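Q: Those sequence lines, one after another, are chains U and E. Take 40 as the starting number for the first sequence in my numbering and just add one per residue. Take 40 as the starting number for the second sequence in my numbering and just add one per residue.
I should point out that these hints are in silico values taken from the structure, not numbers from a laboratory. On a predicted model such as this, the values are computed, not experimentally measured, just so you know. A few of these clues could be false.
Which copy is meant is left open, so a pair is good if it fits within one copy or across any two.
To be verified - In silico SDA-like cross-links for lysine to any residue, where the CA-CA straight-line distance does not exceed 20 Å:
hint, residue 1, residue 2
1, Lys-298, Arg-101
2, Lys-313, Gly-240
3, Lys-95, Arg-223
4, Lys-278, Val-323
5, Lys-278, Ser-207
6, Lys-278, Asp-309
7, Lys-95, Glu-108
8, Lys-95, Gln-228
9, Lys-119, Ser-269
10, Lys-313, Asp-241
11, Lys-95, Phe-107
12, Lys-322, Pro-182
13, Lys-313, Val-323
There are 2 protein chains.
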Amino acid sequence: MAGALLHINGTKPSLLTLSRSKPHRPLFSYKPMRVSMSHNSSYWATIDSDIEAHLKQAIPVRPPLVVFEPMHHLTFAAPKNTAPALCIATCELVGGHRDQAIAAASALHLIHAAAFTHEHLPLTDRPTPISSRPGLIHHAFNPNIELLTGDGIHPFGYELLARSDDPSGDNSDRVLRVIIEITRATGSQGYIDGQYRETLGDVAVNVCEKKEGSLYGCAAACGAILGGGSEEEIEKLRKYGFYVGMIQGMLYGVGRNTKGSMDVVIGLRDLALKELKYFDQAKVEKISGLVEANLTYA
Amino acid sequence: MAGALLHINGTKPSLLTLSRSKPHRPLFSYKPMRVSMSHNSSYWATIDSDIEAHLKQAIPVRPPLVVFEPMHHLTFAAPKNTAPALCIATCELVGGHRDQAIAAASALHLIHAAAFTHEHLPLTDRPTPISSRPGLIHHAFNPNIELLTGDGIHPFGYELLARSDDPSGDNSDRVLRVIIEITRATGSQGYIDGQYRETLGDVAVNVCEKKEGSLYGCAAACGAILGGGSEEEIEKLRKYGFYVGMIQGMLYGVGRNTKGSMDVVIGLRDLALKELKYFDQAKVEKISGLVEANLTYA
Numbered sequence: 040m041a042g043a044l045l046h047i048n049g050t051k052p053s054l055l056t057l058s059r060s061k062p063h064r065p066l067f068s069y070k071p072m073r074v075s076m077s078h079n080s081s082y083w084a085t086i087d088s089d090i091e092a093h094l095k096q097a098i099p100v101r102p103p104l105v106v107f108e109p110m111h112h113l114t115f116a117a118p119k120n121t122a123p124a125l126c127i128a129t130c131e132l133v134g135g136h137r138d139q140a141i142a143a144a145s146a147l148h149l150i151h152a153a154a155f156t157h158e159h160l161p162l163t164d165r166p167t168p169i170s171s172r173p174g175l176i177h178h179a180f181n182p183n184i185e186l187l188t189g190d191g192i193h194p195f196g197y198e199l200l201a202r203s204d205d206p207s208g209d210n211s212d213r214v215l216r217v218i219i220e221i222t223r224a225t226g227s228q229g230y231i232d233g234q235y236r237e238t239l240g241d242v243a244v245n246v247c248e249k250k251e252g253s254l255y256g257c258a259a260a261c262g263a264i265l266g267g268g269s270e271e272e273i274e275k276l277r278k279y280g281f282y283v284g285m286i287q288g289m290l291y292g293v294g295r296n297t298k299g300s301m302d303v304v305i306g307l308r309d310l311a312l313k314e315l316k317y318f319d320q321a322k323v324e325k326i327s328g329l330v331e332a333n334l335t336y337a
Numbered sequence: 040m041a042g043a044l045l046h047i048n049g050t051k052p053s054l055l056t057l058s059r060s061k062p063h064r065p066l067f068s069y070k071p072m073r074v075s076m077s078h079n080s081s082y083w084a085t086i087d088s089d090i091e092a093h094l095k096q097a098i099p100v101r102p103p104l105v106v107f108e109p110m111h112h113l114t115f116a117a118p119k120n121t122a123p124a125l126c127i128a129t130c131e132l133v134g135g136h137r138d139q140a141i142a143a144a145s146a147l148h149l150i151h152a153a154a155f156t157h158e159h160l161p162l163t164d165r166p167t168p169i170s171s172r173p174g175l176i177h178h179a180f181n182p183n184i185e186l187l188t189g190d191g192i193h194p195f196g197y198e199l200l201a202r203s204d205d206p207s208g209d210n211s212d213r214v215l216r217v218i219i220e221i222t223r224a225t226g227s228q229g230y231i232d233g234q235y236r237e238t239l240g241d242v243a244v245n246v247c248e249k250k251e252g253s254l255y256g257c258a259a260a261c262g263a264i265l266g267g268g269s270e271e272e273i274e275k276l277r278k279y280g281f282y283v284g285m286i287q288g289m290l291y292g293v294g295r296n297t298k299g300s301m302d303v304v305i306g307l308r309d310l311a312l313k314e315l316k317y318f319d320q321a322k323v324e325k326i327s328g329l330v331e332a333n334l335t336y337a
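In isolation and in its complexed conformation, chain U is listed as follows (with noise of 0.2 Å):
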């Protein structure tokens, strides 16, 4: 683990070092510290409604009841992240205009909720779900519609993405780039590997790495590709991503019972804001309040 995390840092942040480090405040049990986004939430919630908004656009309930009710409701029954919205944040932070990267962010949202139902579909071996959050899941319809569902969601994704070329077909590269980036960041290399080390109980800083580490990073690299960013830009800010995504799977994902975890989220923390000192200070304040939170213990 560590070594990707130097691989992706390039410095020395010694997170396993602080993770092994005697912890001289309370140790983490269920909620471990109480995290408020302090700045700009005004700016997040619009980021939110406008994605919101497209996805009921584009998936309102038709006929066939029988593939469009589920589709609908398991895209907005899976629990939001803030991938979607660090894409269109990046986007608007490399000087992109929010539409540039809406389709993205919908599509993040359609690949996570696609993930998100076949983590928690009930198997011959695995009656519980991997990831069983208390009180999050409702099983509205049953496995094997839930399957197909699933699988229809996926690919619509893909769709949405691909459609949003612009007619003069001047973005189709960029579509195509970050087309790439999804398929690698939630597939086989990115967040199903972190869900097979999960499975096979790897530690939380190796599965948060390859799933919400993934896919923030590739939110962030997506947003700034769509909006035009250089490949400096881009490569900053899919950094920032990965440690934000680290940081929200260190509090809500599989790390969040982890020994250790606080100071892991602190070291986590600075890295994430380091990456952002490269970029125009005033206009960073919105994004940087995604990880500038207070941290405080319950």
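The hints should help you fit chain E onto chain U, whose structure is shown.
A: Quick look at chain E alone, frame taken from chain U:
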């Protein structure tokens, strides 16, 4: 069903009339007819071998083995269908080169392999898969791994395709169009809709129309798009592919035990061949072999 067929065909093929007519030949049982491609089997064999080589190069067995071993296994364990080969054949028919369609053909196989894997996944409400074909299904991995692997193979299909954009980028609009074609044909409006219909016990022709019909129609259209075919060529070949797929579904898919399916198949064959009349007859011979089969009753 009739409506949709008529819509696609634009004429009145009266397939339903045929299938409802009193059979004047022996009824279809398990193996209703022997089908052999009398011509050009070497042509199809070279295509199959090129697709397989492309896939083997794209999915080596490499670390992490826990991810790539099942991915490799399930990609090649899924029974081949003719849709990927048809994609290459239509590309060549309209004057394109095999290389232009090899990624799309490989993606079509990958998406079929992912669907096949999920179709045979034991779920708590479906311990016996929906399309259990005796002798075909050997579960080399546990259901959880097969679920994840299907979810990983699927986006890899789109990755292969998106990466096939040539360096000059002048085919990126075609690649994006093909991605949209494939997401639609294999998603909730196509193959997945067919799987829902199969689950709900809809009649065979409706299921085959959405499953094999969509898939083969899309494959044929994609080959023509990538090979630079005209819109008229693309649509003629889409219809040809649709009928080829319907024949496959009625012979080997859910239609295989359907009363009167032989008459439907003969009707479909005639409709398919009609679409090919538009093309240079010397070139068409290779592709028409798919339906100009020796249909003999068992």
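Q: Taking the numbered hints from earlier one at a time, note which ones the structure violates and give those numbers from smallest to largest.
A: 1, 2, 5, 9, 10, 12
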